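Trainee: So the protein lines, in turn, are chains G and S.
Just so you know, we're using the numbering used here here: the first sequence kicks off at 24 and counts up by one.
Just so you know, we're using the numbering used here here: the second sequence kicks off at 27 and counts up by one.
Since the hints were made in silico from the structure, they are not lab data.
These figures come from a predicted structure and were not determined experimentally.
It is possible that part of the hints are untrue.
One side of the interface only, derived from the structure: several residues of chain S facing chain G at Cβ under 8 Å [said to hold, decoys possible]: (1) His-67; (2) Phe-70; (3) Leu-98; (4) Arg-121; (5) Leu-126; (6) Phe-145; (7) Tyr-150; (8) Ile-152; (9) Lys-154; (10) Leu-157; (11) Leu-262.
Derived pair list, reagent style DSS-like, types lysine-lysine, alpha-carbon separation capped at 30 Å [stated by the list, open to error]: (12) G:Lys-332 x S:Lys-73; (13) S:Lys-335 x G:Lys-30; (14) G:Lys-417 x S:Lys-130; (15) S:Lys-115 x S:Lys-73; (16) S:Lys-53 x G:Lys-417; (17) S:Lys-58 x S:Lys-140; (18) S:Lys-225 x G:Lys-417; (19) S:Lys-177 x G:Lys-332; (20) G:Lys-417 x S:Lys-270; (21) S:Lys-225 x S:Lys-270; (22) S:Lys-140 x S:Lys-115; (23) S:Lys-172 x S:Lys-258; (24) S:Lys-258 x G:Lys-417; (25) G:Lys-30 x S:Lys-172; (26) S:Lys-258 x G:Lys-30; (27) S:Lys-200 x G:Lys-417; (28) G:Lys-332 x S:Lys-225; (29) S:Lys-140 x S:Lys-53.
Chain G regions said to be covered by chain S (calculated; three or more residues, Cβ under 8 Å) [what the hints assert, rightly or not]: (30) 143-149; (31) 367-379.
Backbone N, C-alpha and C fix where the C-beta goes; we use that ideal spot for every residue, glycine too.
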Amino acid sequence: MIRMGAKTMISHSLRIAWKDLMELFRNRMGLVLLILMPIFMMTMVGFIYPSETSMNNASIALVNEDTGFGGYNFSSTFITMLNSINDNASMMELKDASNLEDVREMIQAGDAEGGIILSSDFTANIMSGQQGTITIVTDQSNPQMSAIIQAVLNEVFNQMGTALAQQNVAEQLDIDPSNALAVVEPLDVQVKGAVEGDFSYFDFIAPGIMAMTVMMSVMTGLPAAISHEREVGTLDGMMVAPINRLSVILGKTLAQMARGILQGTLILVLATILFGVTVHGNILLVFALLLLGVFSFVGLGVVLTSFAKEQETAVMLMTTIMFPMMFLSGVFFPIEQMPWFMQAISKVLPLTYVADALRKVMVLGADIPMLTNELAILIGFGAVMIAIAVPVFKRAMTR
Amino acid sequence: MNSEGKTISGQAEGEDLLENKVMIEVKNLTKKFNGFTAVDHISFEVKESEIFGLLGPNGAGKTTTIRMLSTLSRPTEGTASIGGYDIVKHDNQVRQQIGLVSEKMIMYDRLTAKENLRFFGKLYNIPKNVLNQRIDELLELVQLGKWKDSKVGTFSTGMRQRMNVIRALLNMPKVLFLDEPTLGLDPQSTVEVREFIKKVNQENKTTIILTTHMMTEADRLCDRIGIIDHGKIAALDTSTNLKKLVSGGDSTVLKLEIQNLTKKLVTKMEALDCVQSVSQENASHLKIHATGDKTFDTIIDALRADKAKVKSIENLQPTLEDVFLQITGRQMRDKADNKIPVRNRGHSMPQRRIR
């Protein structure tokens, strides 16, 4: 009897899911948006987000106040070097300026994003065995950009300084330049990732966006779909039929899940084509994790559906919950950057664990044994939420 | 079962209906929404193959009653059973044998007529070949056969309502609930839908409960009518008996068209002994309520004496409208006079929740 009941319930659920998908695919506009949304999301996040330390064609004002010393002029050598480095990397676009005031005005007018000033006694100081002074002028109104300019220029000047020192030491001690480098910089620091290969910010963010899109589909789609049917009256048609109340929820969830997975796949494809993201782990595991993510969210979605009487409320309720969740679950920013109380909240959000597990699989190529924590939490969270959701939904449906 | 038989049974409080078993039994059914009582301890019985009408103004509690009986809403108090099954305890057995034509159209605009019917039919576990045949028959029955592969969204209101009705018949229900089935339809579609309801009732012996705020509809379709107001059943009887309630035997309602109608004439009419009330409908029409044996003579004499140019006289039968006004109208006005704010709150708010 019970098995029969479960069988008919599932067949009714599939009917409802199929019907929902038919409606979805016949809605041209909706379908276009369905495909556009992940594309927008991907390109926006992928291209706009700064890759932390790189800078491209930033306009930098250059002031050369150096008066030279005894016929020597180190500053022009310095500028030639700077130019040749820049020619390869095209980090910046150098603009001439006459003094600090001039640089400030250029920054204020928006003509420059930063400035470099070589002091008047630049050559003189170096010739007399002192440090030459270089001033970096930054634009405080754009802290992110000024931090990048600062970091990049520091790095460039350090390298130039090291090269200069290496040359001096080699000349004075009369040793091989490569040995001289060991004197000037005894430590050689190298960075290696857990996995071989080139990784960008996008590798970090793509799994998160996938997780988020699928969750969002279920979280916003489920309440919107059910409250919409309630409003137009078609829900009554299903409720008045002798079907298990749960097959309505199950069917709707299946349809939304299919929609979410479709979008998730689209993101994955785009990420691979446009941003060179590679999946290092098992692709099937990626999808299995997405499904598990949906499972962990369904209960929450159903509870919210039961509370929202009409579509408008449902959508508003969802947005209110989705928005903080997006930022608190480490999809865009690492959780470790957040203050402790936000980290605490982030630890109870299932999206955190889905994104985390996905990242482990996609970037680090992790397998199931390495994901036991995340899996246990997601299954537990999902089961508890569903246990709460089922009676709440049954009650709400026969108000 | 023929139509003649039905009329007789309706009039004489049912010789053959009396023998029919009780299909729907409602006892003290009550529904409260946050302190507002939408349906207030109503009790009635409907016999098998009867057409039972719930007549009342908007917000009277008709839809809420239907929703409770069709298991979409749980009663706060009281019980009801359909075909012997309790609507709360055995809701799934109840659902098995009912069909619902709700005020809102139950169908998906982006699906075709056939797809819609197939979807709902599948929810009743009807085998595929049986279902397909039934869908074709039902579509033919309401002349939608050639539109079966068109999307419902492209249908006219009349076509949609016919779809809405046959959708409720997919599981061949023993009891059919119709909530305002002709609301918003043009006269032709209204007649079509009414004819169809009668046909279903006669051919399949389907018990039908319908709600309406149109007196003529209740009058034409229903064997018995329950007048519902403020969540209570104010009167319940056959249409004929309800009308007797108003006419009380010897009263007459006359509609007169007088070319040279004056205020003086109206006052004179009102002053007549046999006349109970006079209402002037427009510049030339008068409606006179009168009682007694010689009403016609008295009124005509009075008119002649005043040299009134009478263009036409019509002897009106009391309509359900009169019954309705008699039973609920006055009551409603009385209540409104006493406590306007309470009534307003009660009327505007819950309505949104009921729908």
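Trainee: Which earlier hints turn out false for this structure, listed by number in ascending order?
Mentor: Hint check: 1, 2, 8, 9, 10, 11, 12, 13, 17, 18, 20, 22, 23, 25, 26, 28, 29, 30, 31 fail, others pass.
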